[in-house]
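Student: Chain by chain, the residues:
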Amino acid sequence: MLSAVAARRAALASQQAQSPDASLPVASSSTTPTPPSPAPQSPREKRKPSSQKAAPKTKKARKLKPFEKSNHVRPAAVADEFKDQTEVIEVISESDEDGSDSAMSVLEDAFSGPVPQPSDKAAGKRAWSPSQPLVESSDEEDDDDADAAVDVASLFPRLPHSLWQSEIEQDEGQILTSFDARPGHNFFDLTDEECRQLGLSSKTTVVALGDDDTLASLGTCTLAVLHGSINMFGMTLLASSKFYPIYAPRSAPLPVLRPAMKASSTLVPGNISTRLQDLLQFRTIIAFQELRTNVEGLGLVCRTFQDTFKPARFEKAGTQELSEDLPGLYMVRQQTKECRPFSLPPTWSTALDSIQPQDDMSSGTYIIKGPKNSGKSSFARSLTNRLLQFYRRVAFLECDVGQSEFTPGGMVSLNIISEPIFGPPFTHPTLPNYAHYIGSNTPRSSPSHYLDAILALIQTYRADVQTPAIDDEDDDPRIFDIIPLVVNTMGWSKGLGADLTQKIESILEATDVFDIQVPTRDEYGFSTSTRNNAPQNEYAAYHDQSLAGQTSARIHVLEPVASSAILSSYTAADHRTLSILSYFHAQFPADASPKELQQITATSWDVSRPLCAVPPFQVDCSIAFDKVVLTGAGSEDVVEEEVGRVLNGAIVAFVRCEPGTVDVDVDPSKAMGIPYSRHQAPPSPASSQCVGLGLTRGVSPPITVPGKEGSSKVTTYLQILTPLPQSVLIDARVLVKGELELPVWGMLDFRNFDGKDADMGRIGSVEKDNVPYLQWGKAAEGVLGGDRRRVRRNLMRRGQM
Amino acid sequence: MRLPRRVPWASLAELEEICAAIYADENDLDAKVFAINRISAWRTVTSLPHALESALALLVVLVHDKKQIYLTALQLRQSYATAILRLVNGLVDPLQVGTYARPITSIAQQLGLPGWLVELRHASTHEDLPSLDLLREATRQSLSWLLQNYFLPILNPVSNSLQSLPALRPLMPLLKLYKSTMKTVTKDLSLHSRYRPKIVAILRDIERWISEAKVSANIVAGDPDGSDVDFKEIWALERFCEGLIEKGMLVPLSKKCAVPRFLKQAVKLTDIYRKRQYSESELLPSRSSVASWSHLLDHLHGIHPDFFSVLSRQLTSTLMQADPDTEEAKLDPTYRAYIACWILWIVEASRNSPPASLEIKKQVLSSLVKGFNHGTMPQLSQSMYVFHDFDR
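Protein sequence lines correspond, in order, to chains R and V. Residues 1 to 801 (the UniProt record's numbering) are what the first sequence spells out, left to right. Residues 1 to 392 (the UniProt record's numbering) are what the second sequence spells out, left to right.
What the hints contain is simulated information worked out from the structure, not anything from laboratory work. C-beta atoms are modelled at their ideal positions from N, C-alpha and C, and glycine is treated no differently. Among the clues, some could well be false.
Derived lysine-lysine pairs resembling DSS-like cross-links, with alpha carbons at most 25 Å apart [what the hints assert, rightly or not]:
#1 R/Lys262 - R/Lys242
#2 V/Lys362 - R/Lys337
#3 V/Lys198 - V/Lys183
#4 R/Lys337 - V/Lys198
Using C-beta positions, here's what the derived DEER-type ranges look like [to be verified]:
#5 R/Arg444 - V/Gln78: 19 to 29 Å
#6 V/Asn27 - R/Arg444: 35 to 45 Å
#7 R/Phe617 - V/Trp116: 48 to 58 Å
#8 R/Arg478 - V/Lys361: 52 to 62 Å
Put together the whole structure using the sequences plus the hints.
Tutor: Shown next as structure tokens:
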């Protein structure tokens, strides 16, 4: 619908037509694409002579620029998928913008200028209203009685989003699993004998998929392709004897297994028992085994994610266990509100298909950017998996400190990945190969430290990772002496966030840029996406003028992931909470240390007891640590006497510094044995590494211990919990506390959740009301300002109704 | 399961210690510095309650001023002004619960925040920085306001519900104005354009009324930090629906009322019953009623997704409460029938969105069934046809 706002903008444009600069408003207004069919116009519009004149003009301008969101001049060649993009964006922007814009316009119009009165001429008759086709018929009805059914809808402001039409529901009921399990035909629970014949260790279920069969799974399992190949999470998995762990909770898009075209097989017909012989007529044969990791137990710790690896209680009908031998794995028949499949938007698969190993021996550097919830992480995972088909290892640089793929939030990290990723981030906590601690879910309060850290990681990648000096140790055909880099950026894509990401992009000199573009609502008459066009933004934060160079990267414009794929029932904060709790409950190999480009990922979780019941390390702070640093806005004001209080219950990062780079300047009399002094900057990323996070669960009061020669010293003991193996902790002698907090779920004792209400808050044997640092229930009556400050950015002004 | 809140203090005794350090002796700067250090440390532990953060900001300037370690008065004025304007903003912002912004002055009034502090906030933000003298006084008043409204209530919780409830603005005049305006408009199309601003203004006023009700809900619930947003919204909508259900609003006032088809045979119909006549075939409210009210209801539901659910609940409970044997009910037998028609209308109106519609049906049915279990049989006949229609 041609909204009144658009019309007025067009009018403005026509007024400005004399001046050469007038093109901006026209261009911006045309981000609302004109649908082909004319919709009823608001009555006010036609009364305005100016808008009437101007309206066709806008249309012209629109036709000239059919897809102008990305129509800006790109510095480099734009990949082909660009075209496919056009349609998608237009459709979405139409539904998105139309309602809201026109809703506002009706009102703005109502208040702009005097209200026209019916003319005197029409006094005797009814005033002619062009916008009301009902006029004639309603004349009669009016005379009737009160029963007049008059369309007065136009009198009411229309709301931005009609909540009636929830567009999310439309995909519900879509068939996800067409596979029909028929035991003895395409489905076998193998006997021990058959497992031995096939060289499989434990109980195995074999499933054969025909050409058109699909299988959507929920839960956990390990999976190996025995024959043929499958597509899953945008990756093609060939036959091999290797079993891959699959984590498919409801809180993330579910994997849908589809037979792929590539032929490969590990099966030797002679080794197969006769009853299984028929299987070979199918395109693909998959083996499933049970996966026991206790990852489901995280749902006990954080009840937001309770039973997330099982079908929702009220959706049992559409899901069933695949086999009795496979507890914890379910087939999902239909798409429902709770279960969404992973799907690869068309532009994504085109972009992924264009990725091939470079001919010259240089490696690819791939950066993914886009606003939050547009699917950056999903794409980065798919891309990493795709690259793992060609390369034995892929480096993953995480710049999103809010929701990191491999590490808990708060740090930027470089991970060397050698196993494909089949699950959401919380199912694969991984020790970073190189990392720096930012200390917050956003780089907002320390942007320059953030940039330094990423710069340091990129330098490390170039120096030590990109072309590793390793020998080809086995007969893996994949490339081993080049490690490509995937860079995931943060979703803060406006203002300072955009400047930071742009800076990263210019440091990186990527070979491929994947730009997920979400149609933006054009509120201010400036198309915000034109910003991307202007790398010569002179006042961009943390930019040197010289940096704004041309890039030679291939740019792939991608569509955002369908909104239905994002489960609205879980917020970003929920995922952060789960991610950090998963980290603290994870079990890493005790002697592991991520050196030599190894990937060390937790494969099990200890959820037998809450964090408050896990035995901690007790360390003498003055001996174990050289320095304690606080970061974050306002941390400068923490005086030495109070630092113990601040460390209590805090999440801290262990940082390893190169010898000689820690300057200790501490007045021991003040800090009670904690090597802290005010105004200390965090260790420079150039000479330090963050090895991981810990939780200081307790801080003792200062204790005086007798020292040598009759002197005495004051010391403070810390009780620390960390999932990190001791080998990596050993030389991490700097403790950094940032703005990250332990989620409240992590402070509670989940063993008491199932009891009565009063028991729920009991922690260990401490009664609910005596638990320190937690306040239950509502604030006392009459307390004002008792809550933390909250910001609402969606408040509308009066004129906007 | 409702989670507890993370607070920086181990027990309220620690907060009390801070309160004493701030307020015990106005001239004891050391105690104030102690409080500043402690609150600063707490700030890095977890985000503070707004009142505490404001107290910190005010104390810091105050100590600066008292110690006379500032360079220029401008620096001091800026610090004072920022502290005060952030105090006011932080108190008011959580109460901007409606879709549209409310004037800060009116929220401050509901909070009992002195009006001149709001003026000072406006001046500090948009006009000349206020004078040092004024700012010092404002800081003194702000600190004592925080003592009375934050520290004392939280340290000495008293559960007296006698606390004066800020009375809600009467809703009836608003609804009456709406009704009469719509009456005019639906009868004469030519008035559309002339009346649109008026209707928009009324809608806005209704929205404002709901916002005000939400703030009152805070105080009713003893939850003034407004953490339970749903509760407030529902409470406010319930109050609004109560107004709607009163006679003369959704149910036309005049005794010229209509009677359901099955009652028609029992009750002798005369011409004066016409007005409350609802569409017989559909058991819906009369067309004129729908014409007058449906747009308001749709509009509100657009803003408040819970509106239809709340309204249907209120309607149903009205249906179940009214004892058919009272004098009043005998005088006006069709009131409840008409109420039932509106319930059906809501179910109809929510048809486009099956989950919501189903939810409303479930809710109405379950409360009706409950009502029947406890209530008397005669009620059945009059409410039963609500059931019938659900089968369609």
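Student: Any of the earlier hints contradicted here, and which numbers?
Tutor: Hint 4 is the one this structure does not satisfy, whereas the remaining hints hold.
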